Amino acid sequence: MALIDTINPLLTTGWAKGDAGWSLKDYEARGGYAQLKRVLASKMTPDDVIGEVKKSVLRGRGGAGFPTGLKWSFMPKAAPEKYVVCNTDEGEPGTFKDRDLLRFDPHSVIEGMIIAGYAVGAKLGYNYIHGEIFEIYQRFEAALDEARAAGYLGEKILGSDFSFDLFAHHGWGAYICGEETGLLESIEGKKGQPRYKPPFPANFGLYGKPTTINNTETFAAIPFILGMGGETYLNLGKPNNGGTKLFSVSGHVNRPGNYEVPMGTPFAKLLELAGGMRGGRRLKAVIPGGSSAPVLPAEVIMDCTMDYDSIAKAGSMLGSGAVIVMDETVCMVKALERLSYFYYEESCGQCTPCREGSGWLYRVVHRIEHGQGRAEDLDLLNRVTDNMMGKTICALADAAALPVRSFTKHFKSEFEYHIEHKKCLVDPEVQRAGSGFFRASSVTGAA
Amino acid sequence: MDNQYDMLSPEALGKIDREVAKYPADQKQSAVMAALVIAQDEKGWLPQETIAAVASYLGMAPIAAYEVASFYNMYDLQPVGKYKLTVCTNLPCALSGGVHAADYVKQKLGIDFNETTPDGKFTLKEGECMGACGDAPVMLVNNKRMCSFMLPEEIDKLLAECK
Amino acid sequence: MLEIEIDGKALQVADGSTIIEAAHQLGTYIPHFCYHKKLSIAANCRMCLVQVEKAPKPMPACATIVTNGMKVFTHSDLAVKAQKAVMEFLLINHPLDCPICDQGGECQLQDLAVGYGESASKYEEEKRVVPDKDLGPLVSTDMTRCINCTRCIRFTAEIAGFMELGQAFRGERAEVMPFIGKTVDTELSGNLIDLCPVGALTSKPFRFSARTWELSRRKSVSPHDGLGSNLILQTKHDKVLRVLPLENEDINECWLTDKERFSYQGLNSPERLTRPMVKQGGEWKEVDWSVALDYTAHALRDVAKTHGGAAIGGLLSPHATLEEMYLAQKLLRGLGSENIDFRLRQNDFSADGKRQGTPWLGMKIADISRLDRVLVVGSFLRKDHPLIAQRLRQSAKRGAQVSVLHSADDDLLITLAARAIAAPSQLPVMLAQIVKAVSQLKGVAADAALAGIAVSAEAQAIAQSLVSGSNAGILLGNFAQQHSQAATLHALGRQLAVVLGGGFGFLGEAANSVGGYVVKATPGATGLNAAAMLNEPRQAYVVLGAEPELDCADGAQALATLSKAAAVVVLSPFKSQAMLDYAAVLLPVSPFSETSGSFVNAEGRVQSFYAAAKPLGEARPAWKVLRVLGNLLEVAGFEHNSSEDVRAEALGGNPDFVAGLDNGIDGVSLNLAAGVSGLERVADVPIHFADALVRRAPALQQARDSAAPTARMNAATLAKLGIGAGERVRVGAGATVILAAELDAGLPDGTVRVAAAHADSVALGAMSSVLSVEKA
Ligand SMILES: Cc1cc2nc3c(=O)[nH]c(=O)nc-3n(C[C@H](O)[C@H](O)[C@H](O)COP(=O)(O)O)c2cc1C
Ligand code: SF4
Ligand code: FES
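Residue numbers (the working numbering), protein chains in the order written: chain A, 110 to 556; chain B, 6 to 168; chain C, 98 to 873.
It is worth saying that the hints were derived from the structure and are not from the lab. None of the values given here were measured: they were computed from a predicted structure. Fair warning: there could be bad hints in the mix.
List of simulated lysine to any residue pairs, SDA-like, C-alpha gap at most 20 angstroms [unchecked claim]:
| # | chain 1 | residue 1 | chain 2 | residue 2 |
| --- | --- | --- | --- | --- |
| 1 | B | K27 | A | K126 |
| 2 | C | K494 | A | E297 |
| 3 | C | K178 | C | Y213 |
| 4 | A | K126 | B | S153 |
Could you put together the complete structure from these sequences and hints?
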């Protein structure tokens with residue numbers, strides 16, 4: 110497993126025993142399912158639950174940071190058939206927190222989803238799990254069996270009038286299924302091509318029925334929020350940015366891994382937790398919120414705190430909290446080429462600007478990287494990204510465009526050097542050595 | 006219509022039935038992704054008749070099942086080796102040895118991405134982000150088994166283990 | 098109603114409208130590709146982006162629902178910039194092959210590229226190449242031109258009812274294709290050609306034969322089924338090279354069946370009869386019209402003189418025009434014959450004299466879409482009336498309940514509410530059960546004749562569905578009309594509708610199934626009907642437009658009888674070996690494309706058309722030929738100068754709808770007897786064999802729907818006979834034919850389904866009969 114450390118363990122409290130602590134009895138020993146019991150026994154109304162979540166200012170951890178309580182309140186009350194869906198299609202490069210959540214503490218997500226089902230009036234839920242982590246899917250199914258056997262799932266849960274069942278659905282290799290409507294299509298047994306919105310899932314979701322869809326980490330936070338109260342949770346973080354957040358730190362640090370820190374923790378502190386820069390090399394750039402977020406140069410990120418508002422102010426996005434750290438050995442053209450290839454590869458293909466534009470971007474960046482760039486290429490990239498952004502069904506086209514725009518903006522001279530000299534500013538050997546095999550300095554938990 | 010799905014074993018059909026049971030009764034198609042995985046596990050890859058058989062079992066148009074089989078990366082529409090190794094080379098992994106790991110495997114097996122060793126044992130694929138970037142380099146064996154921290158010694162061990 | 102503004106123009110639109118619909122109301126064009134008013138909204142091409150006040154991004158007009166007070170700008174800088182951006186993306190991978198593309202001149206992409214494209218693209222990478230697909234004999238592909246708008250895919254899934262196309266792979270590699278090794282087999286496949294906004298899907302039969310600007314266009318009407326689809330015939334040098342739908346929401350909407358679209362190939366068939374021919378001493382000779390007409394007049398006059406007018410029989414094709422039928426019956430009556438009929442495939446004529454008017458659809462075609470409960474009785478609906486099936490398919494999706502009573506459970510690609518599948522002999526009693534069950538549910542006294550009948554579960558289920566709605570319709574198909582107890586089915590269907598307070602009518606088999614009644618192309622009180630004319634051989638026959646061996650209820654008998662007749666006069670656009678054998682004179686007459694005329698469709702609508710091309714060779718419009726024959730035979734009242742004159746006389750003016758439509762029927766004694774021993778034949782008339790024209794359309798003849806007849810039976814029947822699917826079997830009543838046995842789980846026990854109207858099965862004789870089947 111990846112390295113972990115926290116400043117304020119909440120979501121990660123259950124991770125301490127690594128792979129040995131995921132089961133129901135461990136979870137119950139940590140106080141698990143107490144909130145579900147309390148909600149059902151105390152006859153908290155669904156609106157009470159939603160109110161508490163609203164107070165916490167929990168913002169969705171899947172990327173967009175939409176307030177969760179508000180989203181739940183959009184669910185039509187009267188609809189007879191409703192769904193709760195969890196998004197564990199974690200495929201955004203740099204993000205690997207949801208996998209560990211399900212690996213070490215699946216019941217927190219299950220409990221969060223049951224409570225969500227109660228709050229929005231759903232009787233059935235699905236957790237959509239990234240195809241590449243099939244072992245985690247199997248573990249989640251085992252956890253579901255435990256929960257079902259213990260009466261946390263099924264008819265009349267814990268003797269209440271509330272019935273809810275939950276199943277796991279696995280993906281099979283498509284980043285776009287992380288987009289919520291692509292994900293719903295995928296559960297319906299189709300290609301994961303996103304739907305035009307509106308209507309939003311709260312009105313027209315799974316099988317056309319009202320559906321609440323949240324990220325894994327969002328659901329995992331629910332029992333904790335109910336446990337400590339919305340306000341206490343909010344105050345862990347900073348105003349408008351409630352609670353703690355998991356950050357997946359990858360790249361050129363000594364200890365890549367997931368770190369749970371309060372919202373508003375300085376980036377420098379996070380970097381320190383992650384063991385600092387690998388080999389003591391100089392920080393060059395950071396993508397603070399998954400590969401779709403604009404890259405920030407070292408000097409900008411070092412002044413940021415890790416929360417939605419601060420990162421947005423700096424011109425990027427907190428996104429899923431995936432922090433990709435790059436040091437001075439990185440060629441920014443090459444790094445962008447790989448990301449552009451990813452979006453080209455993952456475009457679902459329905460919208461003209463994305464289908465055609467993502468390949469165009471990749472090909473231009475590719476040719477710059479391979480010494481065939483042209484003087485007008487940076488303008489061309491600018492124009493193509495401009496033509497893609499805001500013109501498609503989902504945000505993948507923007508996600509493909511933003512890295513191109515931010516890399517070429519902040520590291521323009523490197524691109525110009527490439528085009529002019531037909532080679533890298535950073536010596537290829539240095540690049541290769543800088544990103545070579547590496548053994549983390551210390552590993553906690555079992556591999 | 007004849008029973009085209011005779012070609013799937015009773016065990017496979019049983020597994021598919023368990024998947025179907027997860028969804029509302031009128032939404033059998035929801036099980037298609039799992040059913041194709043089950044079929045792929047049984048056949049090693051997904052020949053078109055197998056896709057048609059799955060479609061017919063779930064009462065959907067064959068092309069609708071083919072759309073699914075061709076949309077998601079890990080369905081194999083062509084035969085692959087006994088062991089399909091997928092190495093993530095996306096940026097976060099690439100910063101921590103992902104490309105080196107891929108190069109190492111290529112050199113050990115004497116094949117490039119999307120190639121199969123002449124003995125039909127290994128197929129090598131380039132993967133996109135597997136959601137395990139903290140464990141770089143990561144490799145997937147036959148779609149389902151994830152191997153973390155794949156330094157050269159680990160790769161050697163893995164290859165030796167694949168009989 | 099909402100108040101909105103588009104480009105500064107205020108308008109009111111209905112709640113739930115999209116911007117593109119609202120713009121349409123104003124006549125403002127918004128460029129688009131994926132949007133199509135009859136298909137679900139995909140919003141994937143992004144061509145229709147417009148500016149909406151207060152929206153930060155351009156919005157797709159096809160998918161954006163208007164809100165009150167919305168201000169839309171379709172030509173603002175933001176909108177135009179977005180549209181140009183999308184156009185550039187669409188063109189980067191599109192081949193520059195307009196000069197050799199069949200879509201050239203009628204390509205939405207080409208048109209819009211001129212308006213919204215930049216002159217030169219900045220894209221300098223290699224263009225994508227996409228492998229072509231084999232979609233069958235009708236639709237040709239150039240998939241590199243595809244812009245992935247997915248209209249074709251949505252068409253197959255939503256309109257045709259089965260997803261035969263999909264978009265495989267993803268991103269830039271996305272490809273529209275059928276399942277590997279499959280073709281597109283829907284009977285509506287040609288619509289894909291119209292729907293494709295670029296040249297990716299084009300007409301295979303039309304391929305490279307002309308450029309759109311070289312074609313002349315003429316409106317016309319489909320000469321096939323009773324729907325009367327509106328057509329545009331496109332010709333070059335007096336040859337019909339292409340047929341397109343003329344949109345008519347009340348009839349065919351914007352669709353055509355493949356039969357209607359591609360049967361034009363038959364117009365150019367090598368079997369066209371282009372010169373008059375007479376048989377002299379057993380030898381056929383091409384002669385001048387005057388010779389042929391004299392010969393004809395002579396022959397008919399001789400018979401009439403020697404044997405009396407009743408020795409002549411007239412067999413008229415139900416696909417003949419109103420004018421042709423009118424003059425033909427007038428001529429025959431002038432010769433003293435009342436033996437006239439156009440109902441060639443009918444078996445039971447016992448309703449004659451008991452009908453209160455002309456049998457018809459009983460409602461407007463468009464009203465079918467408003468029914469919320471439908472019972473279709475005795476119909477191979479999807480093949481006999483594909484566009485009505487299409488209407489019901491859409492209704493069912495909107496919640497209408499469609500039920501079926503039939504002798505075959507063919508997949509209509511409609512979700513059925515209930516069904517009863519029974520052997521032909523059981524259909525009347527089944528329908529009687531439904532009438533009884535509905536009466537009981539409605540608390541109405543049932544017909545006394547139904548007292549002893551027990552209601553089966555299937556009938557009960559259908560009845561329950563029927564009474565649960567508020568606007569029911571009972572539709573009798575071709576099979577019911579051809580049934581040997583057709584009068585009973587008519588009377589029961591009518592009763593059912595009366596109890597339900599719903600509609601009742603007949604799905605017209607042919608282009609003029611209603612028109613034939615209107616012009617009295619039916620036997621007079623003393624005359625013989627189509628079956629009787631063949632049962633009781635006449636000296637002479639006049640055959641207009643039909644091929645009796647394929648178009649009559651008992652083709653074998655027709656052939657035998659005609660072969661023995663002294664004089665058979667055939668007016669036909671085509672010749673066939675059979676005709677050469679039995680006829681004495683062949684008069685080449687124009688098919689529908691080369692004559693003016695009218696068809697009365699199932700809803701009673703009179704649809705007239707002009708010739709789109711000059712007659713081929715020496716062929717002449719049949720109405721003119723009949724008029725001259727009238728003069729030669731000195732029959733009074735043959736002074737018409739135009740087909741309009743004929744129509745005016747036939748209809749007493751120029752009405753939009755014919756008068757006297759009424760499905761009422763009196764005095765039919767219900768025949769519910771059901772004692773049949775042996776295998777009952779279930780005979781369908783395959784879609785591409787139903788008339789002389791379509792039988793000669795080569796591309797259609799290669800389609801899957803044109804497969805040779807087999808002997809289809811269900812598993813129990815096969816087992817009982819000890820026959821395996823695929824084995825050769827000898828099927829027979831009198832004469833026998835050898836066919837392949839085929840398993841068809843949708844057939845009732847004790848039935849064998851063998852298609853009619855096909856050379857391979859003519860020898861079997863009557864469409865409704867009892868057959869024996871044994872291993873060959
Ligand atoms: C291209 C794309 C990929 C996405 N991938 C993910 C993902 O892997 N996991 C996730 O939770 N949300 C992802 N999202 C965001 C989801 O659409 C959605 O906003 C989220 O699941 C809502 O949950 P939340 O409110 O709890 O954040 C993605 C969005 C886009 C446009
Ligand atoms: S933007 Fe791209 S990924 Fe998103 S729906 Fe459109 S084509 Fe698919
Ligand atoms: S017509 Fe609106 S997106 Fe295609």
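Task: Proposed proximity, Y213/C with K178/C (alpha carbon, max 20 angstroms) - done: Distance of about 9 angstroms is within 20 angstroms: holds.
TODO: Sort out whether K126/A lies within 20 angstroms of K27/B, counting only the CA atoms.
DONE: Answer violated: K27/B to K126/A is near 31 angstroms, above 20 angstroms.
TODO: Verify the proposed pairing of K126/A with S153/B, using a straight-line Cα cut of 20 angstroms.
DONE: holds, 19 angstroms
TODO: Sort out whether E297/A lies within 20 angstroms of K494/C, counting only the CA atoms.
DONE: holds, 19 angstroms
In this structure, only the earlier hint numbered 1 is contradicted, and the remaining ones agree with it.
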